[in-house]
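Chemist: We have chain A; now place chain B onto it with these hints.
2 protein chains.
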Amino acid sequence: MPVVVQKYGGTSVADPTRINAVADLVEASRRSGNDVVVVVSAMGQTTDELIALAADISPKPPPREMDMLLSAGERISMALLAMALDVRNIPAVSYTGSQAGILTDSSHGEAKIKEITGHRVKQSLADGKVVIVAGFQGVDPDSKEVTTLGRGGSDATAVALAAALGADACEIYTDVDGVFTADPRIVPGARKLDEVSFDEMLELSGAGAGVLMSRSVEFGRRFNIPIHVRSSLSGQVGTWVKETTMEQAIISGIAHDRSEAKVSVIRLPDRPGVAATVFGPLADAGVNVDMIVQNIAHDGTTDISFTVPRSQVEEAERIAKDVAVEVGALSVDVDLEIGKVSLVGAGMRSHPGVAAHAFRALAEAGINIEMISTSTIRISCVVRADQVEKAVQALHAAFDPPQITEEVGA
Amino acid sequence: MPVVVQKYGGTSVADPTRINAVADLVEASRRSGNDVVVVVSAMGQTTDELIALAADISPKPPPREMDMLLSAGERISMALLAMALDVRNIPAVSYTGSQAGILTDSSHGEAKIKEITGHRVKQSLADGKVVIVAGFQGVDPDSKEVTTLGRGGSDATAVALAAALGADACEIYTDVDGVFTADPRIVPGARKLDEVSFDEMLELSGAGAGVLMSRSVEFGRRFNIPIHVRSSLSGQVGTWVKETTMEQAIISGIAHDRSEAKVSVIRLPDRPGVAATVFGPLADAGVNVDMIVQNIAHDGTTDISFTVPRSQVEEAERIAKDVAVEVGALSVDVDLEIGKVSLVGAGMRSHPGVAAHAFRALAEAGINIEMISTSTIRISCVVRADQVEKAVQALHAAFDPPQITEEVGA
Chain A
816 MPVVVQKYGG TSVADPTRIN AVADLVEASR RSGNDVVVVV SAMGQTTDEL
866 IALAADISPK PPPREMDMLL SAGERISMAL LAMALDVRNI PAVSYTGSQA
916 GILTDSSHGE AKIKEITGHR VKQSLADGKV VIVAGFQGVD PDSKEVTTLG
966 RGGSDATAVA LAAALGADAC EIYTDVDGVF TADPRIVPGA RKLDEVSFDE
1016 MLELSGAGAG VLMSRSVEFG RRFNIPIHVR SSLSGQVGTW VKETTMEQAI
1066 ISGIAHDRSE AKVSVIRLPD RPGVAATVFG PLADAGVNVD MIVQNIAHDG
1116 TTDISFTVPR SQVEEAERIA KDVAVEVGAL SVDVDLEIGK VSLVGAGMRS
1166 HPGVAAHAFR ALAEAGINIE MISTSTIRIS CVVRADQVEK AVQALHAAFD
1216 PPQITEEVGA
Chain B
816 MPVVVQKYGG TSVADPTRIN AVADLVEASR RSGNDVVVVV SAMGQTTDEL
866 IALAADISPK PPPREMDMLL SAGERISMAL LAMALDVRNI PAVSYTGSQA
916 GILTDSSHGE AKIKEITGHR VKQSLADGKV VIVAGFQGVD PDSKEVTTLG
966 RGGSDATAVA LAAALGADAC EIYTDVDGVF TADPRIVPGA RKLDEVSFDE
1016 MLELSGAGAG VLMSRSVEFG RRFNIPIHVR SSLSGQVGTW VKETTMEQAI
1066 ISGIAHDRSE AKVSVIRLPD RPGVAATVFG PLADAGVNVD MIVQNIAHDG
1116 TTDISFTVPR SQVEEAERIA KDVAVEVGAL SVDVDLEIGK VSLVGAGMRS
1166 HPGVAAHAFR ALAEAGINIE MISTSTIRIS CVVRADQVEK AVQALHAAFD
1216 PPQITEEVGA
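Going down the list, the protein sequences come from chains A and B. Each residue of the first sequence is one higher than the last, beginning at 816 in this note's numbering. Each residue of the second sequence is one higher than the last, beginning at 816 in this note's numbering.
These aren't lab readings, by the way, just hints derived from the structure by calculation. Among these hints, one or two may not hold up.
No copy labels: a pair is met if it fits in one copy or bridges any two.
Claimed, not checked - The calculated DSSO-like cross-link candidates involving lysine-lysine, where the alpha carbons are at most 27 Å apart (straight line), are:
#1 875 - 944
#2 1205 - 927
#3 937 - 959
#4 1007 - 944
#5 1057 - 1007
#6 1205 - 959
#7 959 - 929
#8 959 - 927
Here chain A stands alone, though its shape is the one from the complex:
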């Protein structure tokens, strides 16, 4: 029988009513002839509540105990789902990450999956059971310690498990209908994509499309597991993220991100290795630098700007100021009021005019571009935070569906 891995996020299992709805979806998939493995997140706000409890007790909880704490969350949701399936006379069994053989490295709070043994999962599937696996958690086989996988961990569990089980597909159930050409709250005319390639999805996720984390897309690409992003509410067909697409859109979608801040180091001496003096200490401190732009030098000095998550901006500023003193730069500026708008599309590779078309559209909307960064299939622009919505709308209009799609090979 085909094996399908389904993943349900926190809002999909937020209360007994929603858990029963999930059980119905599982039952439907089983009825249609699938062996089903379900990966669940913790119920609703459980993880946030546990984090708040820990914060009440310690400003810096030991990561090992934090993982022990947080791993309680999925235990609750998975046991409740097993009960809901039992009520429907569907044999089911729930396994923790450790029981399911989700083996990770030892990095508490942000562990990486190294291997999935899945012995008990496979045995239970062979016994005709629905298998429910706790997302977001695993075990370090050397220390026997429980680990958690960090952001996007449950999606990663699901896709990696699908790979380990040789599943036909991995379905990521969420509270939206799929991947859209832009955020429908900002662009009312945004369309749901039927398909998007792994590469494009990676760029969209990296550029702020929150529907799927890069990490699970990477697993999907590496093991060629088609990922179906769909709604647990509507049950409609969503977006397939997969290896090849039927048609190659120039622009698949427009993503935006208002969670970053910009740090600029002004008038750095323009000499070899100066970038390393800035980004070495930032990397050592675990600061997650996203875009980096270095302007051309003038008067023997250059300016370097970079973006970081707002949660890390104070640390980034402190480090940048130390470096500025050390190397004799003029100053460090921090700007919290920025936003990033990104255009993603595999067809861009063969269409050099896309960037120019995008910049013109932003200019016509009166939007100033402060930073630009590109990959072969993405163009990202930093603009004022309060102009992000207008920028997304302008770009979506400029690459309106009829103009942005072409047949493969055309």
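Modeler: Just chain B now, with coordinates in the frame of chain A:
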């Protein structure tokens, strides 16, 4: 270093403030030179909330999944306590029942501890850490399934762990100051006992004294682990439950219990084996029969009365009625409005006048005794539920402290 096992119940770890208070008590014990192992229950009402969630989903949740669900509770409290100790610069590590090597049989929801390996606990103690262990849970080593121990499970974990570690004592922290001569809410003059023997405590627990479950007292007696019942609020010395007591009180305490109901089978044929026809089916159905009284026969028939937990009275009545039809008894009566009052004291063994003194005290208070049952160190009387308080007060006054204590050998 002496090893002390401390157990904190749900109210003692109900919120971050209380958890910090527990961390202070642990720190104090460590400062005074002990190696400390802490057993914790789930926070406050967590277990009840999880049970309610399960009930929302299934009228009869699979016991295996129920244990998976409930075992999340202690995981949260133990991790938070480890964080609170870390804030105090006390190295600490928390272990689940499985990690601590609490090996049980396979009876989900009411598993019995078979063995405690405790390898990781011992290693962490040797490493100078405070070890926190989840109460109430274990693992069936054959199936690798998580189990829970049922009522009184955390106390049992603590005492069994104390035995396995060769601990000098097991401290059970609770929200009262110790074991009292009677419930202080009913008898304002009730005194805290400094010591009580294992045998007496077993009778008191069995007779309704909720402060300590029989199960943990049995472990303490079997392995001769002194148990110190004390308050996590006051920090005062509480009551020691131990092998021998300095002085042998005639009466150690008066316990009461309003959680039972009485079932009477009227005019059973008085022939050999008739009691077995009644209690065999009850035992098979798992009904927990407490007191049994059979009156003398008259006219070739006899009456048998017994008490059961009110939660099981409907099942007991159904079974008793089937038996009544089968053997030709007249009828089955059920009485929900009863209460049980028990007098416990090791000195009773050598004082045959105690029962008469007790019955006289109840008579003088105008209380009718409906059933009597005795052991060598306990006298229990069933009375009307609304007369329980008056009965406890009358007995406490009748065995007032100055009269009930004598030196050993006197």
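Chemist: Against this structure, judge whether each hint is valid.
Modeler: Structure-based check of each hint:
In this assembly of identical chains, the alpha carbons of residue 875 and residue 944 lie at most 27 Å apart only when taken from different copies (19 Å versus 41 Å within one copy). For a Cα distance limit of 27 Å, the shortest separation of residue 1205 from residue 927 qualifies neither inside one copy, at 38 Å, nor across copies, at 65 Å. Within a single copy, residue 937 and residue 959 get their C-alpha atoms as close as 22 Å, and across copies as close as 16 Å, so both meet the 27 Å cut-off. For the homomeric pair residue 1007 and residue 944, neither the shortest alpha-carbon distance inside one copy (34 Å) nor that between copies (55 Å) is at most 27 Å.
For the homomeric pair residue 1057 and residue 1007, the shortest alpha-carbon distance inside one copy (15 Å) is at most 27 Å, but the shortest distance between copies (72 Å) is not. Taking CA atoms no more than 27 Å apart as the test, residue 1205 paired with residue 959 passes in neither setting, with 51 Å inside one copy and 57 Å between copies. For the homomeric pair residue 959 and residue 929, the shortest alpha-carbon distances inside one copy (14 Å) and between copies (23 Å) are both at most 27 Å. Both within a single protomer and between protomers do residue 959 and residue 927 lie at most 27 Å apart by alpha-carbon distance, with minima of 15 Å and 25 Å respectively.
Hints 2, 4 and 6, counting from the list given before, are not met by this structure.
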